[in-house]
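Enquirer: Construct all of the structure, not just a fragment, from the sequences and the given hints.
Residue numbers (the working numbering), protein chains in the order written: chain A, 717 to 1131; chain B, 717 to 1131.
Simulated from the structure, these hints should not be mistaken for laboratory data. Incorrect hints may appear among the rest.
It does not matter which identical chain is meant; a pair holds if it fits inside one copy or across any two.
What the hints assert, rightly or not - DSS-like mimics (lysine-lysine), calculated; alpha carbons at most 25 Å apart, straight line:
(1) K1096 - K911
(2) K839 - K822
(3) K855 - K1096
(4) K1036 - K955
2 protein chains.
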Amino acid sequence: MRLRGFQKLTPIENALQLLFDNLRIERSNLITIPLHEALNRVLAEDIIAKEDIPRFDRSAVDGYAVKAEDTFEASPFKPKTLRIIDENEVGEKQAKQVWTGNPIPKGANAVVMLENTNRINSKIEVWTSVTPCENVSKKGEDIQKGEVAVKAGTRLKPQHLGLIAALGIVEVKVVERPKIAILATGNELVEIGGKRREDQIFEVNRLILSALCRELDAEPVDLGIAKDDVEEIFGKIKKGFERADIIITTGGTSVGVSDLVPEAVNNIGRPGVIVHGVAMRPAMPTALAVADGKPIIILSGNPVAAMIGFEVFARPLICKMLGLKKEERRLTVKAKTTKRVSTVLGRKTFVRVRVLQRNGEFFAEPISARGSGKISTMTKANGYIVVPENREGLEEGEAVSAHLFDNVEVVDEDV
Amino acid sequence: MRLRGFQKLTPIENALQLLFDNLRIERSNLITIPLHEALNRVLAEDIIAKEDIPRFDRSAVDGYAVKAEDTFEASPFKPKTLRIIDENEVGEKQAKQVWTGNPIPKGANAVVMLENTNRINSKIEVWTSVTPCENVSKKGEDIQKGEVAVKAGTRLKPQHLGLIAALGIVEVKVVERPKIAILATGNELVEIGGKRREDQIFEVNRLILSALCRELDAEPVDLGIAKDDVEEIFGKIKKGFERADIIITTGGTSVGVSDLVPEAVNNIGRPGVIVHGVAMRPAMPTALAVADGKPIIILSGNPVAAMIGFEVFARPLICKMLGLKKEERRLTVKAKTTKRVSTVLGRKTFVRVRVLQRNGEFFAEPISARGSGKISTMTKANGYIVVPENREGLEEGEAVSAHLFDNVEVVDEDV
Chain A
717 MRLRGFQKLT PIENALQLLF DNLRIERSNL ITIPLHEALN RVLAEDIIAK EDIPRFDRSA
777 VDGYAVKAED TFEASPFKPK TLRIIDENEV GEKQAKQVWT GNPIPKGANA VVMLENTNRI
837 NSKIEVWTSV TPCENVSKKG EDIQKGEVAV KAGTRLKPQH LGLIAALGIV EVKVVERPKI
897 AILATGNELV EIGGKRREDQ IFEVNRLILS ALCRELDAEP VDLGIAKDDV EEIFGKIKKG
957 FERADIIITT GGTSVGVSDL VPEAVNNIGR PGVIVHGVAM RPAMPTALAV ADGKPIIILS
1017 GNPVAAMIGF EVFARPLICK MLGLKKEERR LTVKAKTTKR VSTVLGRKTF VRVRVLQRNG
1077 EFFAEPISAR GSGKISTMTK ANGYIVVPEN REGLEEGEAV SAHLFDNVEV VDEDV
Chain B
717 MRLRGFQKLT PIENALQLLF DNLRIERSNL ITIPLHEALN RVLAEDIIAK EDIPRFDRSA
777 VDGYAVKAED TFEASPFKPK TLRIIDENEV GEKQAKQVWT GNPIPKGANA VVMLENTNRI
837 NSKIEVWTSV TPCENVSKKG EDIQKGEVAV KAGTRLKPQH LGLIAALGIV EVKVVERPKI
897 AILATGNELV EIGGKRREDQ IFEVNRLILS ALCRELDAEP VDLGIAKDDV EEIFGKIKKG
957 FERADIIITT GGTSVGVSDL VPEAVNNIGR PGVIVHGVAM RPAMPTALAV ADGKPIIILS
1017 GNPVAAMIGF EVFARPLICK MLGLKKEERR LTVKAKTTKR VSTVLGRKTF VRVRVLQRNG
1077 EFFAEPISAR GSGKISTMTK ANGYIVVPEN REGLEEGEAV SAHLFDNVEV VDEDV
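Expert: Quick look at the structure:
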């Protein structure tokens, strides 16, 4: 039995390598934006502290700033008595009231917590001894002047925004959102909710792929639907080329005469299609092309295959363009399969799984290794596992790495 | 030694229970929006399939639609020969070319893959037998008419959008974003980047808490900064009351005379403050209040304490208002501590940790159990572990549940 169309399937790793070898991938342009709009953006420059945080020794509690030595040996049974002062310098046997965050007055080196004192008119009884620096946040203990507070290539989370703000910075340089042009091809496709002939279906891949882009903070550019026509496909991809950094197409790639997208792409620029047919399942008909240094990812028209293809080929590209320190992978947990899975030799198989957590342990229930057209398998699943090429499946109870793309349901909870 | 101010610290669970008991929490209003804007929104109504997907039996591959019986016993050595037809009805010993997604013509019940055939003029040789339904996606196999495609209370991910789109639905009812009014209090606070006196600092909590709200798809409403003045605080919270579903304040809650926010809140409505002082660390001075059925969460001014307080008290409230099927928890993984941690008895302690993954196993490196003022401990960490009240710490190598709030670094990778 001969394999037609794809004379040879390229392993995923080689396909990716070929893609990167043929590209001039650069980090996208930089743009300065207000800090309060920077959530989930990727920081483009190291944020270097221009001052210490805290800027001054400050009280970490509500209480009285004192000389620590004046409290030594204090106890509830033998309290030490200190005089409360208003001045900004604490002398021997003196105490000055401070609230959390207040500067430590001169002369003081520790703070006694309010609850460990008893005020009697203008004096306090101190019931506990404090050591020097106790309850004091030292100047620079959070961040020191000159230190890198947040590194370039960091995806900014609420805590990063907080730290940058504490330095008085109101604008940050971030990486511009890479623009991803998305084209669907196929005579059978109709816009969602549009009028269909009997044999037509709604086109859903552009919506799904746009959402996947947005999740990574990339900007989808819609190229619409092209009929199965090389000229039309060529024209639309060409338009995408002018407006985007990456072009993704769906449909029109297969073993047969309907192999239109690779043909159209080869007319756009050099080297054209460099991979056609990948040793994976689903998404086997995926093709990868490069024209004038820009990547074109030619995905299957099957929604599940398109999603997996995006995951494997578009995600690492987008992460690179975003200048992320490290490729942002799906969180991966060790899980046990809850039933057997059979797969085909020679193909890396992406099996959708429903991952559950029971007493802290993860379990992966295979949804279906087949049916790349069934979108419902993706909504029933919250992750996938990868069965290597040299296996014909997995046993029940086997330990696998499950890559999560949605929340994990906690069935029964530990502590 | 007496504990002043907080006569009694309320355990977290009781505090939450009290809060919910005093509230009239309802799901936020519903709003209809275009499907392509619905990523990460919470679906408000079950999506019920109005038709089968697929709507018709369709080919799952590129190839030839045939009567399966005509291929029985076919092999590369003894191929079966079928006549290619153009008509839409396949008779005995006939085959009609189909592409992936095409309807199965009448009379046919299976598809032979292109690569298992050889075309000779108007005939094909079939090299492999197919069973009835092989390579056919059956009508309704993805979703059946009347089935619930996506359940109300689901946070919409790309795959959900795809499934809804496949049903031809272009608009969805989602839950409106709950509005969360955020007020910072404190004479020491200055807007980020503004002019500071020597003893003043930049106010960062509103920015952090707004970002935490946005991560959950809630809408922050900025109430600005209030001085330590009961009247001013009262006025601003009152304004928040008119514009928001939940009010969050930071600062002005402690054991001492600076206890201004709880005082202001008690003037707003009944029952007022119901919890003041929680048996946790950080965020011990947290207070919870309810006025006229609306929650007011009074957080510490320390950024780390404010974040943990938000996590523990605001997150479940927001999830409830969003009508999520289940509270959206941080993903929790089993990890081993990499060093000892000491904590205080009687307080549930939230220890920030840096979680690493090595050969699939998770390790949690405690950053610091102290210093709730140090924001940098939150940027160094990517999760937290919780040490129970009845423990004075954790041993090195102890198994813990780590709750993740940022990406996990993979140090060394398993397949």
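Enquirer: Each hint needs a verdict: does it hold in this structure or not?
Expert: Evaluated hints:
Taking the shortest Cα distances, K1096 and K911 never come within 25 Å of each other, neither inside one copy (29 Å) nor across copies (53 Å). For a Cα distance limit of 25 Å, the shortest separation of K839 from K822 inside one copy, 19 Å, qualifies, whereas the shortest one across copies, 99 Å, does not. In the homo-oligomer, the alpha carbons of K855 and K1096 lie at most 25 Å apart only across protomers (19 Å), although the nearest pairing inside one protomer, at 52 Å, exceeds that limit. In the homo-oligomer, the alpha carbons of K1036 and K955 lie at most 25 Å apart inside one protomer (23 Å), although the nearest pairing across protomers, at 45 Å, exceeds that limit.
Checked against the numbered hints listed earlier, the structure breaks hint 1 alone; every other hint is satisfied.
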